[in-house]
Amino acid sequence: MPFFQTIGIRTACLVMTFAGTPAIAGQHVHGAPGPSTAAAAEGPAIGAPFLLRGTDGRPLTDKTFRGEWLIAFFGYTSCPDVCPTTLTTLTKAFAAQDPVMRQVRALFVTLDPRRDTPAMLGRYMTHFSPRITAATGSRAQVDAAARAFRVRYEIEGDVARGAYTVSHPVAMLLFNPQGRFVSLIPGGATAADVRATVAAFIRKQH
Amino acid sequence: MRLFHTLLFSLAMAGVSAAGIAQAAAPAQADATDPQSLCFSDAEGRPACLPQWHGRVVLLYVWATWCAPCRPSMARLDKVQALLGGKDFQVVALSVDKRGAPAVANFQARNGIRHLAIFTDADAKAMEALSARAIPLSILVDRQGRVAQRVAGPADWDSPERLASIFTLINRPSGPPSGDKP
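Quick note, the sequences are listed as chains G and P, same order. What the first sequence shows, in our numbering, is residues 1 to 206, in sequence order. What the second sequence shows, in our numbering, is residues 1001 to 1182, in sequence order.
Simulated from the structure, these hints should not be mistaken for laboratory data. Remember, it's a predicted structure, so these values are computed and weren't measured experimentally. Some clues are possibly wrong.
[Stated by the list, open to error] Where chain P lies over chain G, by a calculated footprint (3+ residues, C-beta under 8 Å):
hint	segment
1	82 to 93
2	120 to 128
3	181 to 191
[Claimed, not checked] Computed list of lysine to aspartate or glutamate pairs in DMTMM-like fashion (alpha-carbon distance at most 25 Å, straight line):
hint	chain 1	residue 1	chain 2	residue 2
4	P	Lys1125	G	Asp98
5	P	Lys1079	P	Asp1156
6	P	Lys1125	P	Asp1042
7	P	Lys1125	G	Asp193
8	P	Lys1087	P	Asp1158
9	P	Lys1079	P	Asp1158
10	P	Lys1079	P	Glu1161
11	P	Lys1125	G	Asp81
12	P	Lys1079	P	Asp1042
13	P	Lys1079	G	Asp81
14	P	Lys1087	P	Glu1161
Positions of the beta carbon are idealized from the N, C-alpha and C atoms, including for glycine.
The following block holds chain G by itself, in its conformation from the complex (with noise of 0.2 Å):
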């Protein structure tokens, strides 16, 4: 069975199980709440608007990326105790350079800002595939995003002094080419498993 169609009946055993609790399962530790399942029923598609910028300074919205299939993700990059390794295997995904993901771009959006700056991001992202693109922006631009994206996040600890962490979601997001949510990738999906969802959504629409 397609990884994708395996997440959605878990999923849908959870919807049946836990309706209408807001802080619903999953690993997190230090609380970082995904959106209200009421919230995220309502209002407007999910990922735009936003306004972000790359690491070369110049803009990305929600636009950029039309005529391709994105993966979107946040995170950052001072991990305090782990990092995902989700980046390493996005970049595993697109070495393969097969059809199938010679049609994806992903981005990552960073949600710490301050220290994330273009410069840092983009010294950051040469371990990383070039499909990968990283974005900034202002604090207020970041939390647009994030509440596009329907992602909930949360800095502990000492910001003043720079000693803090940001508690985030590590799943990712699969857009088709015309910008419209189609699903959702586990943060701890393999390189196949990326591959074959986006091979299955792409087949479904065609």
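Starting from the structure of chain G, add chain P where the hints point.
Structure of chain P alone, referenced to chain G:
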């Protein structure tokens, strides 16, 4: 379908956080990974596989130069390798850097790391085989190639407590693992 997608989205985004990855990866129960089949590359790009150290206790450390919490442990591991490395024990520091051995060599030279051999997993095959959703990740393997401990996050392997766990494995007679806690 749209409501299903938004509900699916809400639940999943309420779920795993980056801080939670460490929690999820920390339990010491045996995982499905078979270290016997784990292969990567040495400094010259030649294949290296975990079974080549069969008969020694191995501390496998998955890391990357871009991973801030990974870096301080490298000096500690260098000390541990200097102290214990030999016929009974080996530290295998496995970098998942895309740039491979040159990136690791540069890091090690700048940081005075002298005793750790360079091993790389530039195509992330070993990382995925280990189900490493976050790094750093330490896996202590006994002389028979069985996983004895799995520790997510920085671990002070040069501390008395951690060294004791290594010595326990080194001194254990051949037989089934005793189920050490991390």
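Comparing the hints with the structure gives:
no. : hint                    : in the structure
1   : 82 to 93                : holds (count 8)
2   : 120 to 128              : holds (count 3)
3   : 181 to 191              : holds (count 9)
4   : P:Lys1125 <-> G:Asp98   : 17 Å, holds
5   : P:Lys1079 <-> P:Asp1156 : 11 Å, holds
6   : P:Lys1125 <-> P:Asp1042 : 14 Å, holds
7   : P:Lys1125 <-> G:Asp193  : 13 Å, holds
8   : P:Lys1087 <-> P:Asp1158 : 19 Å, holds
9   : P:Lys1079 <-> P:Asp1158 : 7 Å, holds
10  : P:Lys1079 <-> P:Glu1161 : 15 Å, holds
11  : P:Lys1125 <-> G:Asp81   : 23 Å, holds
12  : P:Lys1079 <-> P:Asp1042 : 20 Å, holds
13  : P:Lys1079 <-> G:Asp81   : 21 Å, holds
14  : P:Lys1087 <-> P:Glu1161 : 22 Å, holds
Figure legend: structure checked against the earlier numbered hints; every hint is met.
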